[in-house]
Amino acid sequence: MDSILLQILNGLDKGGAYALIALGLTLTFGTLGVVNFAHGAIFMIGAFCAVTMNKLLTISKKVKDESITFFDAFKEQPYLEIWFGDTGAKIVEYSVPLSILLAVPVMILIGLAMERGLIRHFYKRAHADQILVTFGLAIIIQEIVRHYFGANPIPQAAPAIVAGSASIGEWFGLGPNLVYPWWRLIYLVFALVVLGSVFAFLQFTTFGMVVRAGMQDRETVGLLGINIQKRFTIVFAIAALVAGLAGVMYTPILPPDYHMGMDFLVLSFVVVVVGGMGSLGGAVAAGFLLGILQSFASMNEVKSILPGIDQIIIYLVAVVVLLVRPRGLMGRKGVMED
Amino acid sequence: MSKLTKKGSQWSRRDVLKATAATGAIAGAPMFFTRHAYGADYLNNPGDAGSVKLGFNVPQSGAYADEGADELRAFKLAVKHLNGEGDGGMMTTMQPSELKGNGILGKKVEFVTGDTQTKSDAARASAKRMIEKDGVIMVSGGSSSGVAIAVQGLCQEAGIIFMAGLTHSNDTTGKDKRANGFRHFFNGYMSGAALGPVLEKAYGKERNAYHLTADYTWGWTQEESLIASTENIGWQTQTTVKTPVGAGDFSQYITPVLNSGADTLILNHYGKDMINSLTQAVQFGLRDKQVNGNDFVIVVPLYSRLMAQGAGENVKGIFGSTNWHWSLTDAGSQAFVKSFGQEYGFPPSQAAHTCYVQTLLYADACERAGTFEPCQVGAALEGHKFDGLGNGPTEYRAEDHQCFKDVLVVKGKENPTSQFDILEVVEVTPRAQVEYAPDHPMFAGGNLGECNNGA
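As you go down the protein sequences, you meet chains U and W in turn.
Per our numbering, the first sequence runs over residues 1 to 338.
Per our numbering, the second sequence runs over residues 1001 to 1455.
If you're looking for bench data, these hints aren't it; they were derived computationally from the structure.
Hints are supplied without guarantee of correctness; some may be wrong.
[As the list claims (entries may be wrong)] Pair ranges (Cβ atoms, derived):
1) U:ASP129 <-> W:GLU1132: 48 to 56 Å
2) W:GLU1414 <-> U:LYS55: 22 to 30 Å
3) U:ILE131 <-> W:GLU1110: 50 to 58 Å
4) W:GLY1392 <-> U:TYR148: 34 to 42 Å
5) W:ASP1330 <-> U:ILE131: 55 to 63 Å
6) U:LEU192 <-> W:GLU1313: 28 to 36 Å
7) U:GLN311 <-> W:GLY1084: 46 to 54 Å
8) W:THR1239 <-> U:SER167: 23 to 31 Å
9) W:PRO1441 <-> U:LEU174: 42 to 50 Å
[As the list claims (entries may be wrong)] Keeping only pairs whose Cα atoms sit at most 16 Å apart, straight-line, the calculated EDC-like set for lysine to aspartate or glutamate is:
10) W:LYS1201 <-> W:GLU1231
11) W:LYS1133 <-> W:GLU1098
12) W:LYS1338 <-> U:GLU66
13) W:LYS1338 <-> U:ASP65
Computed from a predicted structure; not experimentally measured.
All C-beta atoms, glycine included, are put in the ideal place defined by N, C-alpha and C.
Work out the full structure: start from the sequences and follow the hints.
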């Protein structure tokens, strides 16, 4: 029982990341009609906002390392710790949550720059052209990141207070082995809050209403005198922000490296297709569903019956769903059906 | 259908076929029968040129790019020293040595580099380009056993010496060994043999081990080696689970460990995978658990300083093994660390060390053979005994082209004194304890075959 609950939590956790990325992909596709293969790179940029913030907070004074006598080596002592002592150390410890302050403006700016500078030139081009240009952009972004940050993962620690595991089993009178890392629980809650906020924004604000109307019929909304293009640009920035924040918060779970965006992108596209192209609810539901299935497929009991199933489960489910429901779980008629 | 006759055209179709076969036999026979007969001629013979070119094929992108960057630094330093520049590094401590600091056989050493991308096909393409286009006389490098085995095979086919970089799979000098390939780095069997007694001393005889293993040649052979050595000290193997290389999030593989009844997790992972799996295992509280009355422990059989740096505080107290460590105090290690540190501002990794040593050993073998001809260079390396290169007395065993030397057992340091001071050497396991017969079952099935000089 414990192991099943743990795998469900794992799946929800992973599904949270898939859903956040897939939500942005679906928003971009639904509003601008653009298949954005650079969306994974945006997730990665978010993660590197956390790395950058950590580097900024740990700008250090170089002190000669006397323990190394073979050559001139230096120790680094962060200025924050020199100036503010324990308070400075505490600020460094909270670099991941603090990096949200950096990520919000950076991701919005990147989203706006990407849409205005590149994507808008491809609105009326074929989907293949959009895929090629955004894929190329993703490669350029990841190579720039590799140049400046190297290829190895750069671990980012969660604040010490949430670095350990929560004894979920003890809370609910279950086994003592049912423990789960605090930060992963925080990530799950964070994902649900962000997803809820985006849905609420689209559902309950005038802006959201216009965007949804634009997604349904862009031409008619334009005829009403509404500058739908401007709103779609803002939606692109929101999609970038959601992916970027997902990246920031994921860093204590998975040490970021330049390639992490590509790793998530492929899975997130499968999530979007399974959920139904253009369906926000579908993207979220499919994200969690596939995350959970992936976790269960990794269980030893399952793998002993179907070896290697953990590697193909997502694609297998995608095939089955598309055979049974060609538009995906919650896909709408007419989307990508020229 | 027209029929050609001797009368009409002088040639029948049968005559044409016979003539073609005869011409082919005459032209082809000498090449076929004598391609190895001319000892003086061989692929990419530098002849009277004033320089000779070496090919350094390292991962410059992909999961092992940082190891590759360090390997490249070491190669450049070795070339510098071979050409008589700098302080000479380990050339001053190597014994015996024919190296004079005037290049190799009086020819200035030049090099070309390639990117393996930690992918076998990319590594082969890169090595092929070096051999065919750049005319290299030797290929070295690599930071993955899959890549090393692929490039070793290519060098064998082409007729070039391959001096393997970081490759730890038993198969490199086991079932996939080749006459043209040589490995200085240690292997999975040696890690297991060195770690077994240390683990017994630290954790006792009664343990249940759970293995998470990278699903490729290196992971498989290391798992096999560790199972053999830990079962030899009385441990039981609870479960072995293969994980995809580059899985990223290992949480779905780690959570089953919590309820498995195992009290020891052995992570047969390397590079980025090791950093991620170890970090996540610690996050899931494994190191704080108690199972069967034992404290739960994690073992990382193959350590590298670069990896340990990536995993940060999580490596504290965790045992593993390594081919070499910069804190060794022998004259060779100190000379290399000083030379490398002055050049780059930080100490070298084990990947850098093995690549530097391989370059010197190749150059020395050429000097001793008096030629660059691969088969004679290979013969000079076979059975060669040397010292002063950081690992104590070492021998290139002729039967499988594997170096035999002491192995280091290390542990993540509890109280590091510097950013490089992450691992501490807890034991230097003597060569006799990690040595095995050439026909040991874990290395069986391979054959060196004939040396190929590519002529």
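* Take the C-beta atom of GLY1392 of chain W and the C-beta atom of TYR148 of chain U, compute their distance, and say whether it sits inside 34 to 42 Å. => holds (40 Å)
CB of GLU1414 of chain W to CB of LYS55 of chain U, is that within 22 to 30 Å?
-> holds (26 Å)
Would you say the C-beta atoms of ASP129 of chain U and GLU1132 of chain W sit inside 48 to 56 Å of each other?
violated (37 Å)
| said: Tell me if the straight-line CA distance from LYS1133 of chain W to GLU1098 of chain W falls inside 16 Å. | reply: violated (30 Å)
Point to revise | CB-CB spacing for SER167 of chain U and THR1239 of chain W relative to the 23 to 31 Å hint | key: Check passed, 24 Å falls within 23 to 31 Å.
- Do the alpha carbons of LYS1338 of chain W and ASP65 of chain U lie within 16 Å of each other, as the hint requires? holds (14 Å)
So does GLN311 of chain U sit 46 to 54 Å from GLY1084 of chain W, Cβ to Cβ?
Taking Cβ atoms as reference, GLN311 of chain U and GLY1084 of chain W lie about 52 Å apart, which means the hint holds.
Against the range 42 to 50 Å, how does the distance between the Cβ atoms of PRO1441 of chain W and LEU174 of chain U compare: consistent or not?
holds (45 Å)
(request) Indicate whether the distance between the beta carbons of ILE131 of chain U and GLU1110 of chain W respects the range 50 to 58 Å. (result) Between ILE131 of chain U and GLU1110 of chain W, where Cβ atoms are some 43 Å apart, the hint is violated.
Does LYS1338 of chain W pair with GLU66 of chain U here, judged by a C-alpha cut-off of 16 Å? With Cα atoms ~14 Å apart, LYS1338 of chain W and GLU66 of chain U stay inside 16 Å; holds.
| request: Would you mind confirming whether the straight-line C-alpha gap from LYS1201 of chain W to GLU1231 of chain W stays at or under 16 Å? | output: Holds, at about 14 Å.
The hint says 55 to 63 Å between ASP1330 of chain W and ILE131 of chain U; measuring C-beta to C-beta, is that right? holds (56 Å)
Going through the hint list in order, the structure does not satisfy hints 1, 3 and 11.
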